[in-house]
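Participant: Please arrange chain Y on chain A, whose structure you already have, making use of the hints.
2 protein chains.
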Amino acid sequence: MPEKMLHELTATEIVSRITAGKTTAEAVARDCLDYIAQREPAVQAWQFLDLELVLQQARALDRGTTRGPLQGVPVGIKDIIDTADMPTEYGTPIHAGHRPHMDAACVALTRRAGGLIMGKTVTTEFANRHPGKTMHPMDPARTPGGSSSGSAAAVGDRMIPLAVGTQTTGSTIRPAAYNGCFGYRPTWGDLRLAGVMEAAGSLDTLGLIARSVDDIALYRNVLAGVPTQALSVEPCKPPRVGVCRTQFWNDTDAATKTAIESCAAAMAKAGAKVTDLTLLASFEPIEEIHQRISSFEFARNRAWEINHHYERISKTLRENRLKHGLAYSFEQYCEARAQGEKLRLQLDDIFRDYDVILTPSAPGEPPVGLNATGSAAFSSIWTVGHNPSMTLPLFSGPNKLPIGVQLITRRDTDRYLFEVSRWTCALYGR
Amino acid sequence: MPEKMLHELTATEIVSRITAGKTTAEAVARDCLDYIAQREPAVQAWQFLDLELVLQQARALDRGTTRGPLQGVPVGIKDIIDTADMPTEYGTPIHAGHRPHMDAACVALTRRAGGLIMGKTVTTEFANRHPGKTMHPMDPARTPGGSSSGSAAAVGDRMIPLAVGTQTTGSTIRPAAYNGCFGYRPTWGDLRLAGVMEAAGSLDTLGLIARSVDDIALYRNVLAGVPTQALSVEPCKPPRVGVCRTQFWNDTDAATKTAIESCAAAMAKAGAKVTDLTLLASFEPIEEIHQRISSFEFARNRAWEINHHYERISKTLRENRLKHGLAYSFEQYCEARAQGEKLRLQLDDIFRDYDVILTPSAPGEPPVGLNATGSAAFSSIWTVGHNPSMTLPLFSGPNKLPIGVQLITRRDTDRYLFEVSRWTCALYGR
Numbered sequence: 001m002p003e004k005m006l007h008e009l010t011a012t013e014i015v016s017r018i019t020a021g022k023t024t025a026e027a028v029a030r031d032c033l034d035y036i037a038q039r040e041p042a043v044q045a046w047q048f049l050d051l052e053l054v055l056q057q058a059r060a061l062d063r064g065t066t067r068g069p070l071q072g073v074p075v076g077i078k079d080i081i082d083t084a085d086m087p088t089e090y091g092t093p094i095h096a097g098h099r100p101h102m103d104a105a106c107v108a109l110t111r112r113a114g115g116l117i118m119g120k121t122v123t124t125e126f127a128n129r130h131p132g133k134t135m136h137p138m139d140p141a142r143t144p145g146g147s148s149s150g151s152a153a154a155v156g157d158r159m160i161p162l163a164v165g166t167q168t169t170g171s172t173i174r175p176a177a178y179n180g181c182f183g184y185r186p187t188w189g190d191l192r193l194a195g196v197m198e199a200a201g202s203l204d205t206l207g208l209i210a211r212s213v214d215d216i217a218l219y220r221n222v223l224a225g226v227p228t229q230a231l232s233v234e235p236c237k238p239p240r241v242g243v244c245r246t247q248f249w250n251d252t253d254a255a256t257k258t259a260i261e262s263c264a265a266a267m268a269k270a271g272a273k274v275t276d277l278t279l280l281a282s283f284e285p286i287e288e289i290h291q292r293i294s295s296f297e298f299a300r301n302r303a304w305e306i307n308h309h310y311e312r313i314s315k316t317l318r319e320n321r322l323k324h325g326l327a328y329s330f331e332q333y334c335e336a337r338a339q340g341e342k343l344r345l346q347l348d349d350i351f352r353d354y355d356v357i358l359t360p361s362a363p364g365e366p367p368v369g370l371n372a373t374g375s376a377a378f379s380s381i382w383t384v385g386h387n388p389s390m391t392l393p394l395f396s397g398p399n400k401l402p403i404g405v406q407l408i409t410r411r412d413t414d415r416y417l418f419e420v421s422r423w424t425c426a427l428y429g430r
Numbered sequence: 001m002p003e004k005m006l007h008e009l010t011a012t013e014i015v016s017r018i019t020a021g022k023t024t025a026e027a028v029a030r031d032c033l034d035y036i037a038q039r040e041p042a043v044q045a046w047q048f049l050d051l052e053l054v055l056q057q058a059r060a061l062d063r064g065t066t067r068g069p070l071q072g073v074p075v076g077i078k079d080i081i082d083t084a085d086m087p088t089e090y091g092t093p094i095h096a097g098h099r100p101h102m103d104a105a106c107v108a109l110t111r112r113a114g115g116l117i118m119g120k121t122v123t124t125e126f127a128n129r130h131p132g133k134t135m136h137p138m139d140p141a142r143t144p145g146g147s148s149s150g151s152a153a154a155v156g157d158r159m160i161p162l163a164v165g166t167q168t169t170g171s172t173i174r175p176a177a178y179n180g181c182f183g184y185r186p187t188w189g190d191l192r193l194a195g196v197m198e199a200a201g202s203l204d205t206l207g208l209i210a211r212s213v214d215d216i217a218l219y220r221n222v223l224a225g226v227p228t229q230a231l232s233v234e235p236c237k238p239p240r241v242g243v244c245r246t247q248f249w250n251d252t253d254a255a256t257k258t259a260i261e262s263c264a265a266a267m268a269k270a271g272a273k274v275t276d277l278t279l280l281a282s283f284e285p286i287e288e289i290h291q292r293i294s295s296f297e298f299a300r301n302r303a304w305e306i307n308h309h310y311e312r313i314s315k316t317l318r319e320n321r322l323k324h325g326l327a328y329s330f331e332q333y334c335e336a337r338a339q340g341e342k343l344r345l346q347l348d349d350i351f352r353d354y355d356v357i358l359t360p361s362a363p364g365e366p367p368v369g370l371n372a373t374g375s376a377a378f379s380s381i382w383t384v385g386h387n388p389s390m391t392l393p394l395f396s397g398p399n400k401l402p403i404g405v406q407l408i409t410r411r412d413t414d415r416y417l418f419e420v421s422r423w424t425c426a427l428y429g430r
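Order-wise, the sequence lines are chains A and Y.
Quick note on numbering: my numbering labels position 301 of the first sequence as 301, and the sequence is numbered without any gaps.
Quick note on numbering: my numbering labels position 187 of the second sequence as 187, and the sequence is numbered without any gaps.
Okay, chain A solo, but in the shape it has when bound (with noise of 0.2 angstroms):
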């Protein structure tokens, strides 16, 4: 096997290579930078990157006397997150050019480690549904998934080894199985969101994007401002699943359905309990609740671009969350919440029974079009019960492109998460 290049390394690794003088933070960071040059056209997955800044960063990096747990690794910060010495432009034209004053605490954080800020990634119009200009590494006509856009695919396509998203529905979980990455949405609340753009605050959190599991661990230790603990080096025992299939299993394609199948029955060969998982009727009403609660939320927290730029506004925003999230009344929009909070706690009763929920990460393969990033359907009912979810890349569909396998855990068990994420990516010789 030949070596592989500097910019298909993991954040793991990159960290281990600096430490140790075998490599330097530029040596990377051009490495890198060579990739993309080379990439970018195809892709589009960057909305700012400036050379000079990247080199600066790296050789600022390399003269420093410590070395901190990210140490030159590049990360990609999508364009929803405040950066002091780049363009924070939210994917629209209403704020092209702004520049924030001051880093977000996620990049403050990243910094802090001895990351390097690479560039911002593309995401959608206000991290909502309207696409940016980014295509899918391994097919120019598919989406990449959305809104988390372009942080999925510079790191599926090995510009960067990870990259920081946000998800309010499914802006991590589905770009990142649609690029064939691991994709991490934490326990709401646990990392801070100052110098975030607030789509809905009820829902929102970052997102980390990465191509191993010990990555995201690493990376989440960082931007939760706590000491670096690498995951027990033991396996985990194998876990009580239940298999999900929900109320979207229709709307799959046969590949995803066999990947879960397949993913069940390997989990049960190395001793899992896996059974099946119905859930209460309670559930059905999920896109309604998290309909009502994100658009209504959305819809204030433009008011600014609502009174000054609406024209500036893309129809599909305007003509569909705005809209109808202008339209609910204060009374829907808390009892949809009510909903969504009892939801939570129906979770933490399954969460009793089952160490871990196997259901898709998307309904399918990244689908033709550009027009539009997929469904997020399978991430709704996690992202209302506030719970940590992982998308696993181990399937590919009929078209050789990615199909994930998401893993759901009980709130605030998010580093079982990442261990039973490593034991069922063991099954798979990953």
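Note that these hints are calculated values from the structure, not bench results.
Computed list of lysine to aspartate or glutamate pairs in EDC-like fashion (alpha-carbon distance at most 20 angstroms, straight line):
(1) Lys342(Y) with Asp348(A)
(2) Lys342(A) with Asp412(Y)
(3) Lys342(A) with Asp348(Y)
So the derived label-pair ranges between C-beta atoms look like this:
(4) Thr65(Y) with Ala60(A): 50 to 58 angstroms
(5) Tyr416(A) with His101(Y): 35 to 43 angstroms
(6) Asp349(Y) with Arg430(A): 41 to 49 angstroms
(7) His309(A) with Ala60(Y): 15 to 23 angstroms
(8) Arg312(A) with Glu319(Y): 44 to 52 angstroms
(9) Pro285(Y) with Tyr416(A): 24 to 32 angstroms
Quick reminder that beta carbons are idealized off the backbone N, C-alpha and C, glycines included.
Facilitator: Then chain Y, alone, in the frame of chain A:
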């Protein structure tokens, strides 16, 4: 009784006079400006106030063809809330002169309703404990309370009828009480925080400060982005009141104890079922729970300032909240957050037996000394509980300074809180 000056009117009165053509936004603004010019040297409520900008806004409102629900009402905005046409400095020299490129959602919603953004009111450093320059309007040797110091002093001194603050512990209730205002902390999550500096997202809310319950109800609907709707004309029926002295009762002064006992007696006399409410032992560690959640989140949200300007952060902040926040482990934080959620559900249960809780707003009159902002102990329980609360300016102490009483209702019953507040005020002819 001499007719009130324009700056002494409530928001509701101003809107009614302007829409009836009896006065203009400009006349109201000019009267407020005149009064501010006279009083500001002694109070120092304003971080930013530009006469010309105020008059421009007023004339534009008067020229406009629409009349909004806050038509021509001068509003003060706490200086941790972004404004596109005024600096926003977060109470720290680190951000001196910073001018955001857009309005926070609450500011944009205020303008949309015809409100006039008067200026930026003084906040403590990062809405924490290190005081700003504001003095108590009735006694310059005393604190106006914090962190919404300028908002409360400006409304209490009748410079303006309405102001926005925020609350992460007791940052609205306490200064509102000290300044003889109505202060309202909404159900957590009701009013959007886009464009508001995040202190600790799990606890942060906006807070409204006014001189009447009707004004609070009016402005709250504006900020929720829903149609305004007057409170019911019928008084609400006498409530079931729980008098909750809490574990902080021994720290209150005699006047505060008398205020609570006398308010409870007046309520009972008016037909309320008034009983003592003793909280479960699970509420005893409330200050530790609050401290862990707020400090852990606050310290991570300030990552950029810590990276770049650590030495310009006050010693008070560095050696208290930041030091504690950085020392807690993630597990300690999660444990506190889980305890907080449990208390929230226990409070829901308590509100099966009680319609409203009566408790002090602060331990006494505003204390002497400008190097601290008073105790927030009487807000910690309801802040962690996510409950709506209101301080009513019904009493005064031995120094003729204001003493408030605080009402708290179940989450999501903010309109009922307004009605029961009005019912209580009516017992005192307010």
